[in-house]
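Protein chains in written order, with the working numbering: chain W, 309 to 878; chain B, -18 to 276; chain F, 125 to 414.
Bear in mind the hints are in silico, worked out from the structure with no lab data behind them.
Possibly wrong hints are sitting among the right ones.
Said to hold, decoys possible - Cut-off 25 Å, straight-line C-alpha distance, at most; resulting in silico cross-link-like pairs (DSS-like, lysine-lysine): (1) B:K82 / F:K407; (2) F:K407 / B:K81; (3) F:K266 / B:K87; (4) W:K754 / B:K42; (5) W:K631 / B:K35; (6) F:K266 / W:K844; (7) W:K855 / F:K169; (8) F:K169 / B:K(-8); (9) W:K860 / F:K169; (10) B:K48 / W:K399; (11) W:K749 / B:K35; (12) F:K352 / W:K832; (13) W:K441 / F:K352; (14) W:K631 / W:K399; (15) F:K352 / W:K631; (16) W:K656 / B:K35; (17) B:K(-11) / F:K214; (18) B:K42 / W:K749; (19) F:K266 / W:K837; (20) W:K754 / B:K48; (21) B:K(-11) / F:K314; (22) W:K850 / F:K314; (23) W:K832 / F:K266; (24) F:K266 / B:K(-8).
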Amino acid sequence: MLRKKWFHGLLVLAIGLTMTLAACSNGNGGNAKETNSPKKTNAPAATAAPTDGAETGSGDPIDKVRPVTFTQYVNYDWYTAPTWDERPHAKWITENLGITMEPVQSNGAAATKLNSMIVSGQLPDAIVLDKGKDVERLVKAGQLVELDPYLEKYPEFVETIGADTLNMLRSEDGKLYQIPNWFISGENGNGNAAYLINRKIYKELGSPSLETWAELEAYLKQVKEKYKDVVPLDFGEIRDGELQMLGMLYSGSADDRTPAFISAGSGGVFGIPSGQELISVYDDPAFESTALYASSIFRQGLTSQDTFTQTRDQILEKLKNGKIAVFGAYDSVVEGIGREANNALQAKDPEAGYDVIWPFHAEGVDRNKVHPGGYNTLGWNVNVITKNAKDPEAIFAFMNWAISEEGQRVFFFGPEGLFYDEVVDGVPVPNDAYINRDPKKYDELKIGEFNWYGNTSYVDTTKGKREKLLPQEAQDWTTVAQTTVSFVTSKNMTEFSNLDPLPNTEEGIIMQRLRDHFKGVVSKLIFAKSDDDVRKLLAEAKAEAEKLGYGKVLKWKTEKWQENLRTMSQ
Amino acid sequence: MKLSAGDKLLKLIIYILLTMLAFITFYPFWNSFVLSFNLGSDTSLGGVTFWPRKFTLENYKIVFQEKHIYQAYLITILRTVGGTLLAMFFTSLFAYAMSKKGIVFKKFYMFAAVFTMFFSGGLIPYFIVVYNLGLYNTFSFLLLHGMISVYHMIIFRTFFMELPDGLEESAKIDGCSNFGVFFRIVLPVSGPVFATLSLFTAVFLWNDWFIPAVFINSQNLIPLQTLLVQVINAGTTASLMANLNSYAQSMVENTITVKALQMATMMVATLPILFIYPFLQKYFVKGVLVGSLKE
Amino acid sequence: MIWPALLFLIIFSYGPMWGILIAFQEYDLFSGLRGSPWVGLLQFKMFVESPEFWEIIRNTFAISFLKLLIGFPAPIVLALMLNEVAGAFKRVVQTVTYIPHFMSWVVISGMAFSMLAVDNGAFNGLLQTLNVIDEPVNWLSKPNYFWGILVSLNVWKEIGFGSIVYLAAIAGIDPALYESASIDGASRFKQIFLITIPCIMPIMIIFLILGIGNILNAGYEDILVLTKNMNNGIVLPVANVIDTYVYQMGVLNQRYSYAAAAGLFKSILSIALLLFANSAARKFGRTSLW
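Bound-form chain W, shown alone:
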């Protein structure tokens, strides 16, 4: 025991010396492991004595971390990584854990970049990417490191994420290669889908009850009459082939409906659960009633005629000028849409603004079973470690620490001593620096960057608790909207994961045709001239889809869904 401590001390000294030499005047640099112990206010006492290396099964994630430098590539066109040490939390990680990440950029051409890396054998050590076909490609080619051997050594990894979530992340060969990002391990879901109403207009029209489709339609007619240049009802921009108007309305068409069921885009289900099977979208009476309603209000001019072509910018312009009375979108409550529009209107007129409301539904539908949003415990995307990495376990150990409460704290709230000096019950207590911060400068620090290891439950609850610790300023509009409506009306969609057939399989080819077909169907439905027209179009579409092979795809999807249910209940 003594010899171990002695050796450990020497190691620390060596690291400390190197760091102090490397970063001339930096107070924290020299005391890597030691500064952590006293500050771990919520760490179980048993592990106060640091063990070095990952020999034992239990212990704090931070102790299992060892220094490593690795390259990481984020597979999205729109993402550009700044240099690692430009961010305070990243700098802390390098100085205290000896870990540095070197980004490889996609430069706006992600798919091509990934392919070129594959053919030149120049894969980076770690990749962040969407689940599905790209990961499976890499697995099939034997390029990824299996993570199963580490699960025993790092049991807290399994605990934090959840065993059934991990099971769902296994690949076709039954092995685990993926580490999820923004996985959800708690009870509550998240989501940003909701309807907003223009406060001023609502008040001026007498604040009528707005719950059912009929009430909505009556309200929209009133708006149209009284306010000539206001769009009564508008929706978010078209996305991946999905028309938000149809999706949002669908969520209220019957019990337990959510837009993903009628979405043919990637990640969509494109099938309605009925008993143990997934049935055709065209066989769903709820879809029919949605189409009838949507087409009718479009025909009456109660909703924007630009719905197929308008851009996000155009919509935001209308919102910020108060030119929309009712707005629905999958992300309406985010800062960039709802909050910005609300603040813009309020700045000019304190009575004006947008409020979030409970989603609309058809008559007879249970209001608690309306789900415009959906969440997945598997999270958003995943991390994989490639065979290129020289020390894959070190990278894994780092990610293991990153997903833990401690890691998330550093990533999301910054390193200790910057915006908080103590941590109580896992919640960082804001210090003066945070309370009196310049919001702009705070934004520029971009704390939270590089966080591809998001632990939703921890961050959500902690964020909310921290908010309460702040002095009484106006509560964040978005947080209120999320906690009152959008989080609550979000449906757990985990069982419907991975229902996208790979594009070069037979089902995948059919799915692509169905996707294109559906886009055309939707546009025709909206522009239909009468209710009978709608019904005719639906019947035709159903027949055409069947001819294209929809039945086969549904069978495949049903099988996958049932498999998921089995995996999850293990």
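Starting from the known structure of chain W, arrange chains B and F on it as the hints suggest.
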């Protein structure tokens, strides 16, 4: 020159049409220029047309704060100038040879060249060739990519073929070699075509962001346009990440919108090359050929 | 003189040419050319028999034809007009008209969407003020208008830049020709037709031949942004062309061999058209490509 009434009317119509055309081609650009100096959050309210409503240099600050921007400018300028010179030199030589009668296998060479305009192995095989030649992530590659444009070669060739034979014959009689004829006689009278194709090549090299995005890895070697794509993406990231997982922490209203950033970057990238054309205009001078035959 | 260029082409154009072979395989990125199985003409068969095939071919030809019909003469007309004016006006117009060439399609489409919108769209507003229409027209959501909008935007973007070549050619015309013509009493209008146009005929023909050979390259980036990345279901039936299809299949769906087959199909047709156009030009006596 006397102008008939019909001619005068024609001239008037032409002036009107040209003015209208100038307006519709200029206004969108001017509007973008104005928006680049306007506060993004204000722009999103709509209605900014001929003049900035809330003037700001913020958008440009973001672009120029990018550490590598000066390096990127340098790379782009070097690439454009160097690449254009190389391209013009080798392509015109080839074209000149193809324009002369009596070259053995000429039809074969022409066909081989034109074939490459239509058939290509695709990006990935090209990547493999480049990588195996050790040209991945090198400046040399930036100079070499696209150096021989068959399209340009054809234009050169057409031009050279239209030159009067007398010009070259008299030089040959004086004992000039083929190269000599090319450099001393043909080149000087080919002002317009060289000016035009240099402009085309320069514009292509200046604007190309995709190829360096795939073939260049180090931030020190990426040209301006690729860097700007990164800048725009970085600005888009914040809003996209917010939409995807609601975890943005932005406490402040976003005054810098994606659109504003796009406008500023467009100006930074485009204005320099726009100024080249007026300089080349003097080569489009009439009567360059006149006088050379009058002897 | 020939060798440097030829060497370059051999290395960089013919070197990767083996990539064409993946059209005859079921190519897998990891197995490479040697490891992937050969399927002969299967990919071509799938392409030609796919339900989208005729639609794509029709769109490709129609859009290209329109682009050629309007986009080919437009720069020529501009060059001719510019030749008739002079001084600062000419220089300003010349410089200004070539600016759109430098604007990216992303930006242009954003502007187009904004202008053609029903809610607050400037174009509809203008037409209503001039009493041309009563109600705003939904330009972007009617398939019939798509081709018109696409071609118009393309002409707007390229007319200035495209006129440069012709201006260069016109600059090479001997002014003495004009002088003797006016002495003979020809009006300026006649001179354009009898002198200017014939003198730039060779370059016009070359461009026309190349344009015909290019007819299957109906567009790609412009169509992608104007259909909002192929998401606008209303216009998809008229907007999908070979290149966007190849992009969808190849890059997005990773069906490399299938995309390669479609691309190869296009190349073969293109070269056939080129040969046809070239021999037609030869028959008419003037210049040709070879």
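Let me make sure I understand: some of the numbered hints might not hold for this structure. Which ones are they, in numerical order?
3, 8, 14, 22 and 24
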